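**Student:** Kindly generate the complete structure, drawing on both the sequences and the hints.
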Amino acid sequence: MSRLDVRKTYKLYIGGKFPRSESGRSYEVVSATGEFLANAAMGSRKDVRDAVVAARGALAGWSGTTAYNRGQVLYRVAEVLEGRRAQFALEVASSEGLSARAANAVVDAAIDRVVWYAGWTDKIAQVLGNLNPVAGPFFNVSAPEPTGVVGILAPQSSSLLGLVSVIAPVIASGNTAVVVTSASRPLPAVTLSEVLATSDVPGGVVNIITAQTAEVATWLAAHRDVNAIDLTGVAGADGVDWAALEAEAAGNLKRVHRPTLLDGVPVEPDWTADPGLTRIRAFVETKTVWHPKGL
Amino acid sequence: MVTVSTTTRTAQDLTAQARDVLGVSRLTNHALTSWLHGLPGVDQVGCEGRAAALGTRSVKTTSKAWAIDTAIGMIDLTTLEGSDTVGKVRSLCAKALVPDPLDPTTPRPAAICVYGDMVATAKAALGDSGIHVAAVATAFPSGRASMAVKLADTRDAVEAGADEIDMVIDRGAFLSGDYLTVFNQIAEVKQACGTAHLKVIMETGELVTYDNVRRASYLSMLAGGDFIKTSTGKVQPAATLPVTLIMLEAVRDWRDLTGIQVGVKPAGGIKTTKDAIKYLVMVSEVAGDDWLSPEWFRFGASSLLNDLLLQRQKLTTGAYSGADYVTID
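As you go down the protein sequences, you meet chains A and B in turn. According to my numbering, the stretch in the first sequence is residues 1 to 295, in order. According to my numbering, the stretch in the second sequence is residues 1001 to 1329, in order.
If you're looking for bench data, these hints aren't it; they were derived computationally from the structure.
Below 30 Å or equal to it, Euclidean Cα-Cα: the simulated BS3-like pairs (lysine-lysine) are:
1) A:K46 x B:K1060
2) B:K1088 x B:K1274
3) B:K1314 x A:K17
4) A:K17 x B:K1274
5) B:K1271 x B:K1064
6) A:K287 x A:K123
7) B:K1060 x A:K17
8) B:K1060 x A:K11
9) B:K1271 x A:K17
10) B:K1274 x B:K1064
11) B:K1314 x A:K11
12) A:K46 x B:K1314
13) B:K1064 x A:K46
14) A:K11 x B:K1271
15) B:K1234 x B:K1274
16) B:K1271 x A:K46
17) B:K1274 x A:K11
18) B:K1274 x A:K46
Distance ranges between label pairs, derived from CB positions:
19) B:G1130 x A:G64: 42 to 50 Å
20) B:L1097 x A:A60: 25 to 33 Å
21) B:D1289 x A:D238: 44 to 52 Å
22) B:A1145 x A:T288: 53 to 61 Å
23) A:F36 x B:L1102: 46 to 54 Å
Note that the structure is predicted; figures quoted are calculated from it, not measured. Yeah, the Cβ is synthetic: ideal placement off N, Cα and C, and Gly gets one too.
**Tutor:** This is the structure we're talking about:
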């Protein structure tokens, strides 16, 4: 007698907990070849609202930890990712239609990317900050500080490497994040939320919402309690106008990280390329302090 | 602007009225006990079930906008901390005068609620805006002081210009069955209030049972309270839906019995718009729409106003608002 399949229905990840969508909806996630994989919760605008509340609540604690400590936590995430690499490889292979070998390479790159950003946490201030020369008896110091709550539209096609490549730079500098996953390939993000919940990342620092991008993106872009938004995930999303989102974001002068454009059309960046500091720099604010020199 | 008409009542008047209601020739503790213990008992499961059921209503769009504005107008904006300063009270008054600088159509709360020594400050800051000043008195929050001190506390606040007095009952006397003492204290404080409006705080968190809440409600109304109020906000649990349900039933039945309408004020622990709307639904369903005005229903709250303002901004602008758009109290 053959064993019954355990058909999973995944939930959201908000404030360190795994709630169902407020709307009660879910949708079928299928593989690149159209086979049923699992059910995912279909997040609504109210889930976004709850996630922003959780992210705002977690901000003071996370931005207040030492950069060194944030590096340790990110490294711990990489360790737990490594421990579940088989599951990630399977999900990446089925979601993105890759061979087992190619999927393994993606998981390797994703883990390495997290380790890379883990190393950056306590070096951001050295590179982006400065002791400015001024004409007077003052120390003049510029230092980067986290922007605050960052909304992220995660890339639609690179479901794991792209995902960690947009989340890690945001939280490395002390921001908290509300992530809207790839609509058609959400499973690696769901598993990543299980990783985050079992590593040392405090609840609310990363909130992951599986949803139709077009439905929730406007609410996230217009939300007055969100300080920045990363529009990477508009590339390949149905019915999303990134310029309209940027206009909504102007309502409270959010920082906007635009999608990569090719002839004016958003495209997904090459995630295997050296990420550089662009994404870290996009979500920090420079604070400059004048201090009198002792004479 | 809230219009509250209050008649001066002497303790003798109130005792005479109580004799009529009870149908006795002399008001004794025995008579009060028989009357209060003759009230029907509260069905705990039924009461909690009904409170929970009334909390499930979905109130949206124009109804929600009306509910938010009504709730803002019912707030007694409160600061009752040992660390209160003149500056803090003034800034709270400024907030009451202009709750949301981004939207001048926002209604004002009904009153500012402070300790007695801050009444003059609040009165000066509010001027002729029509926003009332409520003062807590009678050795708030414990109520443990001699009657002379409680009356002096009350007169002091009234002389400083308080429009409303929030008194606490002697829970020790109530729980030990000394209802006559509680009655006399309320009646004497009512007399000391003169034309000021008297709210009687029963501190339901210390009354243990729902039956006691019902008895305390009737006793407070009998002794001349213009409002019955759940809690000081200093004891947990503070205001809850089931307790407020019992109080709303009591004021409804009291009007049927005597023709006198008494107000209700839940206080403490009401922090969100959702909570406030649940209370409004309950007021309408249990007591009736006659109570849906600041004259007869108030919220004792501080952080509730900010949440109502955020929800109001969401309805006006269409985008979720955040803490950057309201004041830090």
